[in-house]
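Enquirer: Each chain, letter by letter, is given below.
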Amino acid sequence: MHEASIALSILDIVTGKCSAEGYRSVKSVRVRIGRAAGIMPEALLFTFDVAKGETLAANAELIIDMIPLGGTCSACGDEFEAGNTYVLNCPKCGSTEFKIDKGYEMEIADMEVDE
Amino acid sequence: MKVKVVTRILEANERLAEENRKKFTDAGVFVINLMGAPGAGKTTLLERTIRELKEKKRIGVIEGDIEGTDDAERIHDTGVPVVQINTGGACHLDANMISEVLNDVPLGELDLLVIENVGNLVCPAEFKVGENLKAMVLSITEGHDKPLKYPLMFRESSALVLNKIDLLPHMNVDIAKIRKDARSLNPSIEIFEVSCKTGEGIDRWTEWLSGLGSR
Numbered sequence: 001m002h003e004a005s006i007a008l009s010i011l012d013i014v015t016g017k018c019s020a021e022g023y024r025s026v027k028s029v030r031v032r033i034g035r036a037a038g039i040m041p042e043a044l045l046f047t048f049d050v051a052k053g054e055t056l057a058a059n060a061e062l063i064i065d066m067i068p069l070g071g072t073c074s075a076c077g078d079e080f081e082a083g084n085t086y087v088l089n090c091p092k093c094g095s096t097e098f099k100i101d102k103g104y105e106m107e108i109a110d111m112e113v114d115e
Numbered sequence: 001m002k003v004k005v006v007t008r009i010l011e012a013n014e015r016l017a018e019e020n021r022k023k024f025t026d027a028g029v030f031v032i033n034l035m036g037a038p039g040a041g042k043t044t045l046l047e048r049t050i051r052e053l054k055e056k057k058r059i060g061v062i063e064g065d066i067e068g069t070d071d072a073e074r075i076h077d078t079g080v081p082v083v084q085i086n087t088g089g090a091c092h093l094d095a096n097m098i099s100e101v102l103n104d105v106p107l108g109e110l111d112l113l114v115i116e117n118v119g120n121l122v123c124p125a126e127f128k129v130g131e132n133l134k135a136m137v138l139s140i141t142e143g144h145d146k147p148l149k150y151p152l153m154f155r156e157s158s159a160l161v162l163n164k165i166d167l168l169p170h171m172n173v174d175i176a177k178i179r180k181d182a183r184s185l186n187p188s189i190e191i192f193e194v195s196c197k198t199g200e201g202i203d204r205w206t207e208w209l210s211g212l213g214s215r
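Protein chains in written order, with the working numbering: chain A, 1 to 115; chain B, 1 to 215.
One chain only, chain A, in its complex shape (with noise of 0.2 Å):
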């Protein structure tokens, strides 16, 4: 259950930020979340609803936008996405030298704010 982490660490970022430039209250946030960043989406919502009472984020709704597990064969050139949270080949050479580079995101995009 790290996601109470995780939801307590972006209630801090956005609410400081709504805070330091003086908008009154969140009401959205957007995160960027990697397929294999080991976050279970239903946890986080939970966990972040809990969390933001009394915070400036108090009525935001938390949206999870999910990345799929991506990456770019070295043997072959292929860009590939993988419906698991493992790559062991390339999908379409079945080479195993391949650079993974999505699927591990954990990031705030943006908020929308009431001024």
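Honestly, the hints are just simulated from the structure, not real lab data. Some hints could be false.
[As the list claims (entries may be wrong)] Covered stretches of chain A (chain B as the covering partner; in silico rule of three or more C-beta atoms under 8 Å from a C-beta of chain B):
| no. | segment |
| --- | --- |
| 1 | 36-46 |
| 2 | 52-60 |
| 3 | 70-82 |
[As the list claims (entries may be wrong)] DEER-style ranges, computed between Cβ atoms:
| no. | chain 1 | residue 1 | chain 2 | residue 2 | range |
| --- | --- | --- | --- | --- | --- |
| 4 | A | C93 | B | T25 | 38 to 44 Å |
| 5 | B | R8 | A | E54 | 24 to 30 Å |
| 6 | B | G108 | A | G53 | 40 to 46 Å |
| 7 | A | V50 | B | K23 | 50 to 56 Å |
| 8 | B | V6 | A | R24 | 18 to 24 Å |
| 9 | A | P68 | B | K177 | 43 to 49 Å |
| 10 | B | G79 | A | C93 | 53 to 59 Å |
| 11 | B | G89 | A | P68 | 19 to 25 Å |
| 12 | A | D12 | B | K56 | 53 to 59 Å |
| 13 | B | T69 | A | E115 | 49 to 55 Å |
| 14 | B | G108 | A | D12 | 38 to 44 Å |
Virtual Cβ for every residue (Gly too), placed ideally from N, Cα, C.
Please arrange chain B on chain A, whose structure you already have, making use of the hints.
Expert: Same frame as chain A, now just chain B:
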């Protein structure tokens, strides 16, 4: 109104981890974040390792557990400095928990600090604590499907210690598959097969540890 944020969610933790790491580097201490499931043998491996290495390296330990001081007492009996953290429910250690106990760790008197994380094959892999590298213990009784079921920890770890190999004759576990899948996830991972009970394979592991930090 829409506001761009574009911030890594764990940025605050990463910043604190970097501060911890600077303190470790300034003190000349090499730090390992030791992870693995409950019962994999993390504490037993540490006891063995300390007994083998303590003439060569000055070792210290931070123990992370949800509750209790059993692990810290076991480490204390080996004669090295140890600090226990009780997370009170949290499933992992984070950089802040480590920075809060650093005053109790005699960094100036250590070469190697091992931070034994909370027993858990998922969450600890996500949070840096200021370590130089992560290592994990997987006991063969956990089964050969674990690398592909819990890929993140295998990807994050520099070393994989396969423990309890003395039980191999009694098990239907495919060690070759564990090795192959772990290497597919993380080509540079160092793999050690050990039995903390009989001591088999411990020498290769302690030899590898001895070389760390002095490169």
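Enquirer: Each hint should be assessed against the structure and marked as holding or not.
Expert: Hints versus structure:
1. 36-46: holds (count 3)
2. 52-60: violated (count 0)
3. 70-82: violated (count 0)
4. A/C93 to B/T25: 38 to 44 Å: Given about 42 Å between the Cβ atoms, the range holds.
5. B/R8 to A/E54: 24 to 30 Å: holds (26 Å)
6. B/G108 to A/G53: 40 to 46 Å: For B/G108 and A/G53 the Cβ distance comes to about 44 Å; the hint holds.
7. A/V50 to B/K23: 50 to 56 Å: violated (34 Å)
8. B/V6 to A/R24: 18 to 24 Å: Since the Cβ atoms of B/V6 and A/R24 sit about 22 Å apart, the hinted range of 18 to 24 Å holds.
9. A/P68 to B/K177: 43 to 49 Å: violated (25 Å)
10. B/G79 to A/C93: 53 to 59 Å: holds (55 Å)
11. B/G89 to A/P68: 19 to 25 Å: violated (32 Å)
12. A/D12 to B/K56: 53 to 59 Å: violated (43 Å)
13. B/T69 to A/E115: 49 to 55 Å: holds (52 Å)
14. B/G108 to A/D12: 38 to 44 Å: violated (33 Å)
Hints 2, 3, 7, 9, 11, 12 and 14 from the list above are not met by this structure, while the remaining hints are.
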